[in-house]
Structure formats: structure tokens, C-alpha cells
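Trainee: Sequence:
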Amino acid sequence: MEPFVKEPTVDTPEVHLDAEQGTFLLARMSLPEDAVEFYAPVLAWFADYCKAPNPETVLEMKLEYFNTASSKQLIQILLLLQGIKDKSDITINWYYKEIDEDMQGLGEEYSQIINLPFNLIPVAKFGR
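All residue numbers in the sequence shown are consecutive under the working numbering, ending with 158.
Any given hint might turn out to be false.
[Claimed, not checked] When the alpha-carbon atoms are kept at most 30 Å apart in a straight line, the in silico DSSO-like pairs for lysine-lysine are as follows:
no., residue 1, residue 2
1, Lys92, Lys115
2, Lys102, Lys92
3, Lys155, Lys36
4, Lys36, Lys92
5, Lys36, Lys115
6, Lys155, Lys81
7, Lys81, Lys36
To be clear, the hints were calculated from the coordinates, so they are not data collected in a lab.
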């Protein structure tokens, strides 16, 4: 399976999806003008991955901020992963700035909606 990589812009996140290396990363800001269009290839990649997932899948969510439209797409990614929990040990690492109660709260909310292990990880700042 070919890796999927999108470099970040001011409005779109960094996306690194590499099944062979076991790298699954969404990072920075997610404010695309058209979230459905932006995330369509990401969702397609995950849908293909779910056909033959790794024994272990760890999604690193290092998003500093995302809009409501992105939130809906992120839920779709998490639902795809939830669908393979019998085939792969799935973990979601949800990073948030330790002073950002909103992002912490969203991580807590998602962990209650999606039946997958969530690690809520406070960080002083996000590295570049």
C-alpha cells in the first residue's frame, strides 16, 4: 500500500499515512475551505487500509485546532478504524496543549463516542 503524504499549509493539516512504517499522523491545523474535498483521499486511503490492516494501528492526532467541518471528517476516520478493531489493536493518541481545555474536552468527547482506546496526552507545546 502506497504511503499518503500531504504537507501542511496555513489551513490544512500535515497528513502522513504509511502502513508499512506504521505511521499514522494528523497534525497542526485543519481549517480547509472544503473539508469534504480535502479529507476524501484521506478517507479513501483509510478505507483501503482497513481491508488489510496492520496487527497494530496507532493514530497520532496532533491537531492544534480544527473546525466543525473537519470534525465531521475526523469522526469518519475514527469510525473506519472502529470497524477494524477485531482485526487490529487500535490506539488513538490525542495530543493537546496542556492549557487548551477545549481540545482536551474534544478528545474526551471523541473517546466516549468512538469505542476505541484513547490516550489523552497533554504537551507544553507542539513541535515543528
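Trainee: Which of the stated hints cannot be reconciled with the structure, identified by number in ascending sequence?
Mentor: 6
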